[in-house]
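Chains as they are written, first to last, in our numbering: chain A, 1 to 333; chain B, 1 to 180.
Treat the hints as calculated values from the structure; they're not laboratory data. We put the beta carbon where it would ideally sit given N, CA and C, even for glycine. Among these hints, one or two may not hold up.
Said to hold, decoys possible - Once the Cα atoms are required to be at most 20 Å apart in a straight line, the calculated DMTMM-like pairs of lysine to aspartate or glutamate come out as: (1) A:LYS84 / B:ASP89; (2) B:LYS24 / A:GLU13; (3) B:LYS90 / A:GLU54; (4) B:LYS28 / B:ASP130; (5) B:LYS164 / A:GLU3; (6) B:LYS164 / A:GLU4; (7) B:LYS164 / B:ASP112; (8) A:LYS51 / A:GLU246; (9) B:LYS28 / B:GLU40; (10) B:LYS90 / A:GLU246; (11) B:LYS162 / B:GLU50; (12) B:LYS11 / A:GLU3; (13) B:LYS28 / A:GLU54; (14) A:LYS209 / A:GLU13; (15) A:LYS2 / A:GLU54; (16) A:LYS209 / A:ASP52; (17) A:LYS2 / B:GLU40; (18) B:LYS90 / A:GLU95; (19) A:LYS2 / A:GLU246; (20) B:LYS11 / B:GLU156; (21) A:LYS2 / B:GLU50; (22) B:LYS24 / A:ASP16; (23) B:LYS28 / B:GLU156; (24) A:LYS84 / A:GLU13; (25) B:LYS28 / B:ASP89; (26) A:LYS84 / B:ASP112; (27) A:LYS84 / B:ASP130; (28) B:LYS11 / A:GLU4; (29) A:LYS51 / A:GLU147; (30) B:LYS24 / B:ASP130; (31) A:LYS2 / B:ASP112.
Stated by the list, open to error - To be clear about the criterion: a stretch of chain A counts as covered by chain B if any three or more of its residues have a C-beta under 8 Å from a C-beta of chain B, and this derived list gives those stretches: (32) 1-15; (33) 78-89; (34) 97-103; (35) 156-164.
As the list claims (entries may be wrong) - For the chain B half of the interface with chain A, some residues (derived, Cβ under 8 Å), not all of them: (36) LEU33; (37) GLY93; (38) ALA96; (39) HIS122; (40) GLU173.
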Amino acid sequence: MKEELLVTARSNELIDPGLHIWTWEVAMYLFLGGLTAGIMIFAAYVTLARKDDEAPFAATQLALLAPIALSLGMTTLFLDLEHKLFVFRFYTAFEPTSPMSWGAWILLLIYPVTTLQILATLRRGFPVVVPYVDRWSIPRAVIDWCENHRRQIALVAVPSGIALGIYTGILLSAFSARPFWNSGVLGPLFLISGLSTAAALVALVSREKREKEMFTRLDLVLISAELALVGLFLISLATGTAKHIEALQSITGGPYTMVFWVLFVGIGLLVPLLLEMLEMRGVGKSLALLAPVLVLIGGYALRQVMIDVGQDSTWTRYPSQYSAEMLERMEPN
Amino acid sequence: MTRYAMVIDTKTCIGCGDCVVACKTENKVPDGLNRDWIVELTRGTYPRLETEFRSERCNHCSNPTCVTLCPTGASHLWNQTNIVLVDADKCTGCKACIAACPYDARLVMHPDGYVDKCTFCHHRVEQGLDPACVSSCPTRCMHFGSLDDPGSSVSELLQTRKYKVLNPETGNEPNVYYLT
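Throw the hints in and build the complete structure from the sequences for me.
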């Protein structure tokens with residue numbers, strides 16, 4: 001027998017009995033950050049590939065959703081901070097060894113880049129604003145400049161989007177103290193998932209049939225790639241050290257098995273993959289809206305399950321000798 | 001860089017918890033929060049049992065992942081030593097350092113919200129005193145000093161006794177040693 005117990009009561013909030021510092025706020029931010037990355041990259045892709053006619057929504061209106069999604073994500077991220085008044089401290093330092101510091105500065109870069117993307121197609125995407133912006137010379141000149149440099153802006157948007165999408169994964173993978181996260185696959189996995197959710201969003205919102213088909217096709221490839229990365233991630237855990245294998249057990253029989261396999265892999269990846277394949281063959285058109293919705297749910301589920309299982313995986317776990325249950329038993333009736 | 005270490009003799013520690021109380025008193029740690037704690041390890045089968053008490057806290061690692069991953073520089077090394085401190089005025093409460101600590105030795109200060117931890121009582125070390133937990137230990141099983149000084153009690157104990165550190169596989173190079 002080997003038993004390790006805490007014999008002085010330690011009940012540090014958010015840390016005991018198991019780490020639970022990050023909850024839905026961070027998962028939602030990681031999801032919306034990935035979605036924003038995908039939106040930027042696809043808006044840039046249709047520009048660079050000259051697919052304006054085929055994909056009018058992605059070409060002229062999609063970019064507007066980027067700062068909206070990101071702002072919502074940054075709001076939930078702000079909600080997670082414990083020392084909120086000091087949030088400005090992210091911008092009084094750059095710590096090159098901290099992915100979170102890189103992220104803070106990348107977020108700052110995303111706003112001007114997406115603004116330029118929006119302005120470059122503002123007149124075509126939102127003709128209703130034309131009379132207002134063209135009334136003054138400065139906005140008119142700025143928008144003219146953006147329209148003339150649309151391709152160059154797209155060329156900047158692609159790496160910016162990749163940086164945003166991949167950093168959210170690297171952020172988690174850098175925690176060697178949490179074996180479940182400590183895999184280099186997480187960066188690409190989060191990036192591909194972000195692209196997949198953005199493709200699903202276009203397929204969901206666009207009214208153009210050809211565009212829906214194009215993004216459904218893209219999403220098929222992305223979901224397949226994501227499944228492959230999930231497989232690699234599981235292999236790296238299964239072939240890792242005792243700590244990695246222990247972490248893997250959380251989703252192979254442990255408490256997070258159902259949410260990982262049924263919610264994320266099943267409902268979030270396999271079912272939409274199947275629905276989209278059927279759709280491509282002209283079957284199940286009435287379910288056309290369901291697949292992208294499931295992909296979006298799956299994208300969120302990935303972040304939530306990662307956040308939960310990662311925090312549960314640890315180097316140190318002591319059961320406390322002083323459980324609340326025992327204290328209750330001591331109280332006189 | 002001065003490397004401070006704590007050496008704790010598990011052969012003489014009786015798990016009384018005085019170190020825990022001393023820390024709470026010295027550092028005015030609020031109710032419900034703890035910067036140090038005691039673990040009791042029991043091994044064997046009755047009646048052949050073996051017990052080990054360990055007074056645990058931040059390991060003030062030589063490779064502190066909490067400092068590396070802090071996005072604002074709030075987690076830092078004090079005065080070119082291995083003593084890891086948090087500057088509350090730079091801390092956003094993002095909790096990256098808590099996730100980064102393999103020993104779960106950090107906590108969120110309430111009600112303020114900045115991250116807090118064992119400081120090796122650097123305010124006492126500065127005056128040449130031992131940390132409060134070490135000073136208050138009734139069995140004198142705790143020792144504190146610089147590993148750079150070969151004559152210090154911690155250096156001598158580590159040269160003459162068998163010891164271990166917690167989870168050396170993390171690569172964090174912890175500086176709290178347990179004599180076994």
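How the hints compare with the structure:
1. A:LYS84 / B:ASP89: holds, 11 Å
2. B:LYS24 / A:GLU13: Distance of about 16 Å is within 20 Å: holds.
3. B:LYS90 / A:GLU54: Status violated; Cα separation ~50 Å.
4. B:LYS28 / B:ASP130: holds, 17 Å
5. B:LYS164 / A:GLU3: Holds. B:LYS164 to A:GLU3 sits at ~18 Å (cutoff 20 Å).
6. B:LYS164 / A:GLU4: holds, 16 Å
7. B:LYS164 / B:ASP112: violated, 36 Å
8. A:LYS51 / A:GLU246: The hint is violated at about 48 Å.
9. B:LYS28 / B:GLU40: Between B:LYS28 and B:GLU40 the Cα gap is close to 25 Å, so the pair fails against 20 Å, i.e. violated.
10. B:LYS90 / A:GLU246: Violated - the C-alpha atoms of A:GLU246 and B:LYS90 are around 35 Å apart, more than 20 Å.
11. B:LYS162 / B:GLU50: Holds, because 17 Å separates the two Cα atoms, which is no more than 20 Å.
12. B:LYS11 / A:GLU3: holds, 18 Å
13. B:LYS28 / A:GLU54: Violated: B:LYS28 and A:GLU54 sit about 66 Å apart, past 20 Å.
14. A:LYS209 / A:GLU13: violated, 52 Å
15. A:LYS2 / A:GLU54: violated, 66 Å
16. A:LYS209 / A:ASP52: holds, 14 Å
17. A:LYS2 / B:GLU40: Given pair A:LYS2, B:GLU40 holds - Cα atoms ~10 Å apart, limit 20 Å.
18. B:LYS90 / A:GLU95: This hinted pair holds, its Cα atoms lying about 13 Å apart.
19. A:LYS2 / A:GLU246: Roughly 17 Å separates the two Cα atoms, so the pair holds.
20. B:LYS11 / B:GLU156: holds, 17 Å
21. A:LYS2 / B:GLU50: holds, 9 Å
22. B:LYS24 / A:ASP16: Distance of about 18 Å is within 20 Å: holds.
23. B:LYS28 / B:GLU156: Measuring from Cα to Cα gives roughly 32 Å; hence the hint is violated.
24. A:LYS84 / A:GLU13: Within the cut-off at roughly 18 Å; holds.
25. B:LYS28 / B:ASP89: With a Cα-Cα distance of about 19 Å, the restraint between B:LYS28 and B:ASP89 holds, given a limit of 20 Å.
26. A:LYS84 / B:ASP112: Holds - the C-alpha atoms of B:ASP112 and A:LYS84 are around 10 Å apart, at most 20 Å.
27. A:LYS84 / B:ASP130: Violated - the C-alpha atoms of B:ASP130 and A:LYS84 are around 35 Å apart, more than 20 Å.
28. B:LYS11 / A:GLU4: holds, 17 Å
29. A:LYS51 / A:GLU147: Measuring from Cα to Cα gives roughly 16 Å; hence the hint holds.
30. B:LYS24 / B:ASP130: Answer holds: B:LYS24 to B:ASP130 is near 16 Å, not above 20 Å.
31. A:LYS2 / B:ASP112: violated, 39 Å
32. 1-15: Contact hint for the segment 1-15 of chain A vs chain B: holds, 15 residues under 8 Å.
33. 78-89: holds (count 8)
34. 97-103: Since three or more residues must qualify, the claim that chain B covers the segment 97-103 of chain A holds, with 6 doing so at under 8 Å.
35. 156-164: Violated - the segment 156-164 of chain A has 0 residues with a Cβ nearer than 8 Å to chain B, which falls short of three.
36. LEU33: holds, 6 Å
37. GLY93: holds, 3 Å
38. ALA96: holds, 5 Å
39. HIS122: Violated, about 21 Å.
40. GLU173: The hint is violated - B:GLU173 has no Cβ within 8 Å of chain A, the shortest such distance being about 12 Å.
The structure does not agree with the numbered hints 3, 7, 8, 9, 10, 13, 14, 15, 23, 27, 31, 35, 39 and 40 stated previously, though it agrees with the rest.
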